[in-house]
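Please build the complete structure, drawing on both the sequences and the hints.
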Amino acid sequence: MPVEAPSGTLSADKFRGDIPEPHSKDPAGVGTLAASRQGTGQNSAALDSPAPRLTHPATDAPRPPSSALLACGVVGATLLALIALGHDGRRIAQLAVLAAPPVLWLLWPLHSARLRRWRTALVWLWVMGFGLDAVVRAYLLDTYQAAPDSAMVLGAAANTNARESAEYLRMHWRSAVVWSAALVAAGLLAGLFARRGAMAPRTRRPFWARSLLLLILLAACVAYVSKPWRRLHPVVFWTQWSQSLHDQRAAWADQEKTRDAQMAQARQIAPVITREGPSTVVLVITDSINRDNMGLYGYGRPTTPRLQAHKAQEGDRMAVLRNAWSVDASTLPALRNMFHFGQPANGNGGNNGNGDSPPHLLALARAAGYKVWWISNHDDLAIEQQHARYADVVDMVNRTPGRASASLDGEILDCVQEAFADTSTERKLIVVHLMGAHPHYSLRFPENANPFDDSVDAVENGLVKDGRSAWVRHFRQEYDAALLYHDFVVSELLQQTRSTGKPDDYRAWMYLSDHGQEVGHGSDRAGHSPATASGYRIPAVVWRNREPLPTGAATQQPFRADWAGWSLMDLLGIRWSGQKAERNVLGDSYRWQAPEIPVVVKSFSK
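Here the sequence shown stands for residues 1 to 606, numbered as in my numbering.
Think of the hints as simulated: they come from the structure by calculation, not from any bench.
Nothing here was measured: the structure is a model prediction, and the numbers come from that model.
Beta carbons: idealized from backbone N, C-alpha and C, even for Gly.
Mixed in with the good hints, there may be bad ones.
Unchecked claim - Restraint ranges, calculated between C-beta atoms of paired labels, are given here: (1) D392 x L122: 57 to 65 Å; (2) D588 x V236: 52 to 60 Å; (3) V600 x R170: 30 to 38 Å; (4) A261 x N448: 45 to 53 Å; (5) V236 x S180: 22 to 30 Å; (6) S469 x H111: 28 to 36 Å; (7) R170 x G410: 40 to 48 Å; (8) A253 x H111: 38 to 46 Å.
Structural data, given as structure tokens:
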């Protein structure tokens, strides 16, 4: 007789109806399972409860606390190493405190897989933000010994564009690759361990660990409240940097008011010309020429045969200043100092004593009665606004901006000849601004005009002996070829000056570079170099057809490019109340004073 199942239990038939039949041929297992269920007295509510969620041990299994500690430690160490690349001293500690909170977040257990993915992404972006800031700073420090917010870097960045930036990277891609590789490696390491942040369950950490975390977070809060600390944060710093860049460009765009004020100041000073009759003075400013690469200064390669021929013909009427120096390693500050007599922007005594702003040399020349030309092979907005627009005639021959401009300096010769032929005035000041050997060197001479290419001579052997790399030696060959072509252009300008006008007309010519160039002289690199003496060693040559020039020992006196304005005023024959005879290298009262430059120079007399 069948037995009725007790209330609250399931019969075997009922159980079979809820659970699929097993595929085994022997159904005994089902009966055994049913009996087991009945024997234990499981009720229907227990059987109706949802089945447990399947887990994936590889992704969802709780990790031990040590894994989160390791992740936090590796990410924190990576971030600290990046910060140390671009900062020093206490700033490393300050940046570390500012960067700490998201790294410590890795110790906080998160249940949700989605939240953990967001945490990984945000921590990685945080590390990369601080890392990119540090790598850029490290590059600038290593290459230029400069901070991103220094006047040199801000001026250069404000005076460039996307195309010129790309051209710069093409020349310095090796350094970019090295620093980028360091950043990528750090990013991979940080990304790998940021994924291993803490998961549930939460474990109670030792008192000392909790206290340490609390102190770090408290320090971070104080750091973010403190303005001097907060402004070091990459987001804050680079936002302010961008604003400074915008302000710099806006200031250049507003130069017309400044020029009007400078012209009014020059008229108030009332400079006078002390020399009677026609007068023609030529100022040739070139770019990136190191005198150590000129045969005129004893270099081992014949890079200046024409200038040397001029010197042999002119004798004492042509003075080669043997120990000429720039006080700046980049163009904008060099030209600013040159045309403002080396006077500080807010210094006192820069003019006739009635104002704080030093006068502009071209404004004084015009106020004295000279007609001024500015003829340039540079297409440069800052130089045009700050200096060229003071001239009566502005001729920007080169219309292609950037380092990749292939406009050769010889293109200006016809324009200079037109200025010489002008009959509207008897007094002319012609300023010629050349590209010189401005990188890229290979674009500064005609195609297939490199006689030093692959030559094995004493210079090449010396570079090999000094351990210079093949690519630096190649740049030296191109640089010397650029100087050979440059010698042709500069010599033509001197010849035009010598032969212009009537034989008795006064004529003078001055040539110098804005700054030098490092091409394997003091280090294994090529380019602008504020960190080596080669960045400041320049040529300076003066010629005039009347009045004696320094000879013998006098030409061995050190010369500063920021004092060139005082000597040029002598060549122009202009006298004014701000005269400082002790800074005129052409006069008997000249007194050398060593400049302050960020390089240790053993002697300015060699």
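> Quick one: are D588 and V236 within 52 to 60 Å, going by C-beta?
Replying inline: holds, 56 Å
> D392 and L122, beta-carbon distance inside 57 to 65 Å?
Replying inline: Since D392 and L122 have Cβ atoms about 60 Å apart, the given range 57 to 65 Å holds.
>> If I claimed the Cβ atoms of A261 and N448 lie 45 to 53 Å apart, would that claim hold in this structure?
In response: holds, 50 Å
>> Given a hint of 40 to 48 Å, does the C-beta separation of R170 and G410 actually sit inside it?
In response: violated, 25 Å
>> Taking the Cβ atom of V236 and the Cβ atom of S180, is their distance within the range 22 to 30 Å?
In response: holds, 24 Å
> Are S469 and H111 spaced within 28 to 36 Å by their CB atoms?
Replying inline: violated, 56 Å
> Falls inside 38 to 46 Å, the C-beta gap from A253 to H111?
Replying inline: Given about 56 Å between the Cβ atoms, the range is violated.
> Is the gap between the beta carbons of V600 and R170 within 30 to 38 Å?
Replying inline: The hint (30 to 38 Å, Cβ to Cβ) holds, given that V600 and R170 are roughly 32 Å apart.
Checked against the numbered hints above, the structure violates hints 6, 7 and 8; every other hint is satisfied.
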